[in-house]
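Engineer: Each chain, written out:
Protein chains: 2
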Amino acid sequence: MRDMQLSRLEEWKAMGFDFQNCPVRQVLDHVAAKWTSLILLELENGPQRFNALGRALPDISKRMLTQSLRDLERDGLVAREVFDTKPPSVAYSLTDMGRSFLEPLHHMIVWAESMMPQVEAARAQFDKS
Amino acid sequence: MRDMQLSRLEEWKAMGFDFQNCPVRQVLDHVAAKWTSLILLELENGPQRFNALGRALPDISKRMLTQSLRDLERDGLVAREVFDTKPPSVAYSLTDMGRSFLEPLHHMIVWAESMMPQVEAARAQFDKS
DNA sequence: AATATAAGTCTCATTTAGAGACCAAAATCG
DNA sequence: CGATTTTGGTCTCTAAATGAGACTTATATT
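Protein chains in written order, with our numbering: chain A, 1 to 129; chain B, 1001 to 1129.
Hint data in this document are derived by calculation from the structure and do not stem from the laboratory.
Incorrect hints may have been included.
[Claimed, not checked] One side of the interface only, derived from the structure: several residues of chain A facing chain B at Cβ under 8 Å: (1) S37; (2) G46; (3) E73; (4) R74; (5) A112; (6) M115; (7) R123; (8) F126.
[Unchecked claim] Partial chain B-side listing against chain A, Cβ under 10 Å, derived: (9) R1025; (10) H1030; (11) M1108; (12) Q1118.
Each residue gets a CB set at the ideal place from its N, CA and C atoms; glycine is no exception.
My request is simple: use the sequences and hints to build the entire structure.
Structural biologist: Here it is as C-alpha cells:
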C-alpha cells in the first residue's frame, strides 16, 4: 500500500512515533506467531522437555518449535534449562512473565469458546451466498 | 514432527477431539492472522472505507487488506456495506460480535504495554550472551 | 488533457513455514 | 553383541503465505 496519502503517517513520524517498534504490534506479532500461544498454554501444565512439547503439539515442526521457543526465551516468557544427563536434556518452563501472559490469553480463549457457535453460523451464512 | 509417540493424540482422537477444528486454535489463528486485530482496532474508531483503512494501516498490502476483511466478514466480526455512489464506495464496520472481541484484545494490549520494558530488558540480556 | 479516486484483482517476487534427513553418544531391546 | 531408540537440535529442499505493484472502469478534479 504505497499509494497512500501519507498524511497520517507523516503526522505520526512527526510525533516521533516509531511504527515498527509499536508495542501493540510487537505483542500482536507475538500472539500472531501462530505457535507461541499454544506453547505457552502447553507449558501451563508444568515444565516440559523439547520432545515432549513436540508430542503435545503434534502439528508443529521441529524447526518451528525450536524457533518459537527461542523467541519466547528471548522475550523472557520461557526459561530454558539444560540438564547434564546423557544425552543432555533440556526443560522449558514458564517465567513469571510468561505465566502473567496466560491471563489475557485465557480471556481470548473464553471469548473464542463462547462465540464459536455465532462464528460458525456467520460462516455458514457467508458461504452459502 | 512425525516421530511422536502418538499416545496423547490418539487419546484425543479416541475422545472425539477434532484437532483441526479446535475452537481455541481457530481464534488464535484469527488473532494470529497478523492483520485482523489491527483492522478491528482501527474500526473501533468508527466505520471506514477500504482505502481509508489502507491509509490507516500503511504497511498492509491491498491484497492482504482485502483478504483480511473478507475473513473478518465471513466470521461475522465485520460488516461490509456498499454505497451506490460514483464510483461505488464500500464501508466496513464492526458488528456486535466484532466489538465484543475488542474487550479481550484490549486485555492483551494492556498486558503488552505494561510488560514492554521487561521484554526489552529480557531481549537485551539474551542478545548480549 | 492529464491525473486522481473508488475498491478491488492479478501476477510475479520474496519471505516464511513445513517435511524430513542427519548428527553423536548413550541406553535399551532382542 | 548388533540394531534401534532417545536426547535436542540443525540443515536443506519444497510448499505455502505474503508483499509490491500494474491494471481496471467510470467519474471528478486540476
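Engineer: Each hint needs a verdict: does it hold in this structure or not?
Structural biologist: Against the structure, the hints come out as follows:
no., hint, result
1, S37, "5 Å, holds"
2, G46, "14 Å, violated"
3, E73, "7 Å, holds"
4, R74, "4 Å, holds"
5, A112, "3 Å, holds"
6, M115, "6 Å, holds"
7, R123, "6 Å, holds"
8, F126, "4 Å, holds"
9, R1025, "8 Å, holds"
10, H1030, "8 Å, holds"
11, M1108, "5 Å, holds"
12, Q1118, "6 Å, holds"
The structure is inconsistent with hint 2 alone, although it conforms to all the rest.
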